[in-house]
Amino acid sequence: MKTVACYSIKGGVGKTASAVNFAYWSAHQGHRTLLIDLDAQGASSFYFRVRNPSKKNWAKRFFKTYEQLLDQIKQSDFNQLDILPAHHSFRHFNTLLAEHGGKTNRLRKVLKGLAVHYDVVIFDCPPSISLLAENIFAAADLISVPMIPTTLSQRTFGQLLDFFDQQGYSQDRIRPFFTLADGRKQLHRDTAATLRKAYPLFLEQAIPHSTYVEKMGLHQAPIDLFAHNSQANRCYQALWQEIASALNLNHPSS
Amino acid sequence: MTTALSWKLKKPLAHEQISRLLEPYTVECIDTREMQWSVLDDPVWHIWQNGCTLLYAHHQPSLQLWQNNALQFSDANASPEARFPYQLHNQHLAERLHPLLGVRAFTEKHRAFWQQTTLAVRNDDRKIVCRLILIQQPQIFLLSLHPLRGYQQEAKAIRRQLSTLNMQPCASLTMRQILLYSGLEVTVPPKQLTFNLKATDPAQQAILHMLKHLVTSARQQEQGLVDDIDTEYAHQYRVALRKARSLISLFKTCLPQQPRNALKHQFKQLAQRSNRLRDLDVFLLDRNHYVTLLPPALGPSLDKAFQRIQRQRNREQKQLTALLSSAEYQDEVQHLMTTLDQAQQPLTNKGTKAIRPLAVKKIARHYRQICRDGLDIDDTTADAVIHALRIECKKLRYLLELFSELFHRNRIKRLIKKLKHLQDILGRFNDLTVQQAFLSHLATTTRDSAQAISLNALIAVLYQQHVQERRRVVGAIAAFTGEEGVMDIQTLTQDGDTL
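Chains as they are written, first to last, in my numbering: chain A, 1 to 254; chain B, 1001 to 1499.
It should be emphasised that the hints constitute simulated quantities derived from the structure, not laboratory data. Since the model is a prediction, treat every value here as computed from it, not as a measurement. Glycine included, C-beta positions come from ideal geometry on N, C-alpha and C. Misleading hints may appear alongside valid ones.
[What the hints assert, rightly or not] Result set (DSS-like, lysine-lysine): computed pairs, CA atoms no more than 30 Å apart in a straight line:
| id | chain 1 | residue 1 | chain 2 | residue 2 |
| --- | --- | --- | --- | --- |
| 1 | B | LYS1008 | B | LYS1212 |
| 2 | B | LYS1318 | B | LYS1362 |
| 3 | B | LYS1011 | B | LYS1198 |
| 4 | B | LYS1353 | B | LYS1395 |
| 5 | A | LYS74 | B | LYS1156 |
| 6 | B | LYS1361 | B | LYS1252 |
| 7 | A | LYS103 | A | LYS185 |
| 8 | B | LYS1156 | A | LYS60 |
| 9 | A | LYS55 | B | LYS1156 |
| 10 | A | LYS74 | B | LYS1008 |
| 11 | B | LYS1417 | B | LYS1395 |
| 12 | A | LYS64 | B | LYS1156 |
| 13 | B | LYS1417 | B | LYS1394 |
| 14 | B | LYS1011 | B | LYS1191 |
| 15 | B | LYS1420 | B | LYS1212 |
| 16 | B | LYS1198 | B | LYS1350 |
| 17 | B | LYS1156 | A | LYS56 |
| 18 | B | LYS1394 | B | LYS1268 |
[Unchecked claim] Rough simulated footprint, nothing fancy, chain A against chain B, three-plus residues with beta-carbon under 8 Å:
| id | segment |
| --- | --- |
| 19 | 1122-1136 |
| 20 | 1144-1156 |
[Unchecked claim] The calculated label-pair distances, taken between Cβ atoms and stated as ranges, are:
| id | chain 1 | residue 1 | chain 2 | residue 2 | range |
| --- | --- | --- | --- | --- | --- |
| 21 | A | LYS103 | B | ALA1014 | 54 to 60 Å |
| 22 | A | ASN229 | B | ARG1020 | 33 to 39 Å |
| 23 | B | ASP1031 | A | LEU70 | 25 to 31 Å |
| 24 | B | ILE1140 | A | LYS103 | 56 to 62 Å |
| 25 | A | TYR199 | B | ARG1160 | 56 to 62 Å |
| 26 | B | MET1035 | A | GLU99 | 52 to 58 Å |
| 27 | A | ASN229 | B | ASP1031 | 19 to 25 Å |
| 28 | A | ASN105 | B | HIS1058 | 53 to 59 Å |
| 29 | B | GLU1034 | A | SER128 | 50 to 56 Å |
Please construct the entire structure, taking both the sequences and the accompanying hints into account.
Quick look at the structure:
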């Protein structure tokens, strides 16, 4: 089982849109895929029309056993794709993790049991550097980091790398990529060039600024369903392919 | 995916009807298609018996292999006329089918038609909570409910609403089940021909009864032979006739002399006509193996030799087809059946005795013969002597198989298995002798010097294999005729031993 985190310290950079489209293309390729919505806002759950669980304080049980997770999983409208929807109690994750000794391996442990059910697990992560984020870093095989090619994003990315250094985490699993990229803007072009040079593990494919990404909320669906021929859709498909290659994800045999 | 629920309907159900019934859920038709399937298998249903279903989807041209109700392999480039794994483009599919089929061809066993409609049932958020699949066949209407994971409550509610319809629950609608509802009948022939013998049946009556069945069994292969579906039809045709000839020979004293001699002659005539075809088939079946025995440089000329053999084979096939389709052949078979009827009288002395004790005596005698002959065989024994032992083993094998229903099932099975092992080795040894002779004839009758070189090179390789195989023969005989083999025969042939 491979795990991919869609993570960023900043909000509004396209994490959820990316997580949703990655999950869609992963399932489309034939991998049994689970999208875990860790953000209490529940945006990726919304995109797949999956309601939040009704269980009170579900977050408390989240890290107990993987069977608890299995109970809450919902099948999406797409073959091979399931969703573990967010819950408003997820806003207490950091507190809950701190109460349990502040360990950073709780998430990885609870996910182990899912390996028999899924080939790919994708996290839609809340924007923060926190104990939850550290659990995500420990659990993920690949940390995809969407960023808008601006100076502020450059700074934030630097903060993330520093954090990894300080905590002794390997940066090899980090795969940044550009979103909301506007090739007409000199700033975007220059920032992108600088970052690619400084950090060779940047994914090749960038996601352009696109109205279709915004319209995902209107359609409540991955882009492929309502804008199959759009550039944004093709870019997400290609981006997922890069991630799949980085993870050595083989096409399921047929 | 959670378990589906399925029903048979008394009449077709329209989308609008379901929509009204399932309010407040909305029901959307997301797919509807006409499907036409051919179920493919060999005469013994090997693919089906191994839990797989091979289908040609005419509506979406592709050859598909299903297992555990899931599509495992698909070959969109496969021709609907494909009959053997080697004809397929999808190598994975070919590799999966080959061990199931061996040398047998798959042909159409059944054709099924139905209209399949998939309905999505959505909640207020327009989230699909379950799918309904409607299957409409000419006479049967089926409905299955496929809940989505995490939506069990909704599935229960929908099921309750559907239960107001006049429906009968039925088995889960797997691909296999739907095919069975469409009228597919899977009739697996028994592995062994049985004759419904009783231990006390008079021998003459029993033998003639068995001979008639063997003729019927041979005749069942004729159409497949004429249509040239695969080489196994000729083989099974000949096996049935060989068993008949062996039966007459082994129990000759149970039959009156004149009809017995006539039967011998008639069966021999029938069998002889397919000798050449079978020899050529056996050779061609090993074609790929022979190619691997020689250096690649000799491949092209060897290929030419095989093409020559193939042309000979085609001519033989044509001749045999013409014969089997002829009025003369029908008369011949009718005459044989008349002779079998005439052989009921006069009653012979031996023929009035019970069949089982006679069979026991024969089995014991032939086993002893094998032991005696086997003792003298070593690395220097002439091929003809080993060939005679092979014939003796065949007689014993036929006895065990023909009369298996009169003995303890597991004991006879074990004995046949051990004998088969010895026969396989003797068979390979004999094949190598025959192949060298055949290739030698080809090499001396070709004007193509390159072909002659390839054929002679192949003969040399086969000769070396022949020498090695001879050593294995000695070991195999010792294993079969040793103490354990003796015990097996004694246990099998004990008086009063029954199934």
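Hints, one by one, checked against the model:
1. B:LYS1008 - B:LYS1212: 45 Å, violated
2. B:LYS1318 - B:LYS1362: 40 Å, violated
3. B:LYS1011 - B:LYS1198: 51 Å, violated
4. B:LYS1353 - B:LYS1395: Holds, at roughly 21 Å.
5. A:LYS74 - B:LYS1156: 16 Å, holds
6. B:LYS1361 - B:LYS1252: Judged against 30 Å, a Cα distance of about 14 Å means the pair holds.
7. A:LYS103 - A:LYS185: With a Cα-Cα distance of about 43 Å, the restraint between LYS103 of chain A and LYS185 of chain A is violated, given a limit of 30 Å.
8. B:LYS1156 - A:LYS60: Holds. LYS1156 of chain B to LYS60 of chain A sits at ~29 Å (cutoff 30 Å).
9. A:LYS55 - B:LYS1156: 20 Å, holds
10. A:LYS74 - B:LYS1008: Answer holds: LYS74 of chain A to LYS1008 of chain B is near 29 Å, not above 30 Å.
11. B:LYS1417 - B:LYS1395: 15 Å, holds
12. A:LYS64 - B:LYS1156: Given pair LYS64 of chain A, LYS1156 of chain B holds - Cα atoms ~29 Å apart, limit 30 Å.
13. B:LYS1417 - B:LYS1394: 13 Å, holds
14. B:LYS1011 - B:LYS1191: Measuring from Cα to Cα gives roughly 41 Å; hence the hint is violated.
15. B:LYS1420 - B:LYS1212: 26 Å, holds
16. B:LYS1198 - B:LYS1350: Distance of about 17 Å is within 30 Å: holds.
17. B:LYS1156 - A:LYS56: Holds, at roughly 23 Å.
18. B:LYS1394 - B:LYS1268: Holds, because 17 Å separates the two Cα atoms, which is no more than 30 Å.
19. 1122-1136: Answer holds; 4 residues pass the 8 Å Cβ test.
20. 1144-1156: Since 4 is at least three, the answer is holds.
21. A:LYS103 - B:ALA1014: 54 to 60 Å: 58 Å, holds
22. A:ASN229 - B:ARG1020: 33 to 39 Å: 37 Å, holds
23. B:ASP1031 - A:LEU70: 25 to 31 Å: Taking Cβ atoms as reference, ASP1031 of chain B and LEU70 of chain A lie about 29 Å apart, which means the hint holds.
24. B:ILE1140 - A:LYS103: 56 to 62 Å: 59 Å, holds
25. A:TYR199 - B:ARG1160: 56 to 62 Å: 58 Å, holds
26. B:MET1035 - A:GLU99: 52 to 58 Å: Holds, since MET1035 of chain B and GLU99 of chain A (Cβ atoms, about 57 Å apart) stay within the stated range.
27. A:ASN229 - B:ASP1031: 19 to 25 Å: 22 Å, holds
28. A:ASN105 - B:HIS1058: 53 to 59 Å: 55 Å, holds
29. B:GLU1034 - A:SER128: 50 to 56 Å: 54 Å, holds
The structure fails to meet hints 1, 2, 3, 7 and 14 from the earlier list, while all remaining hints are met.
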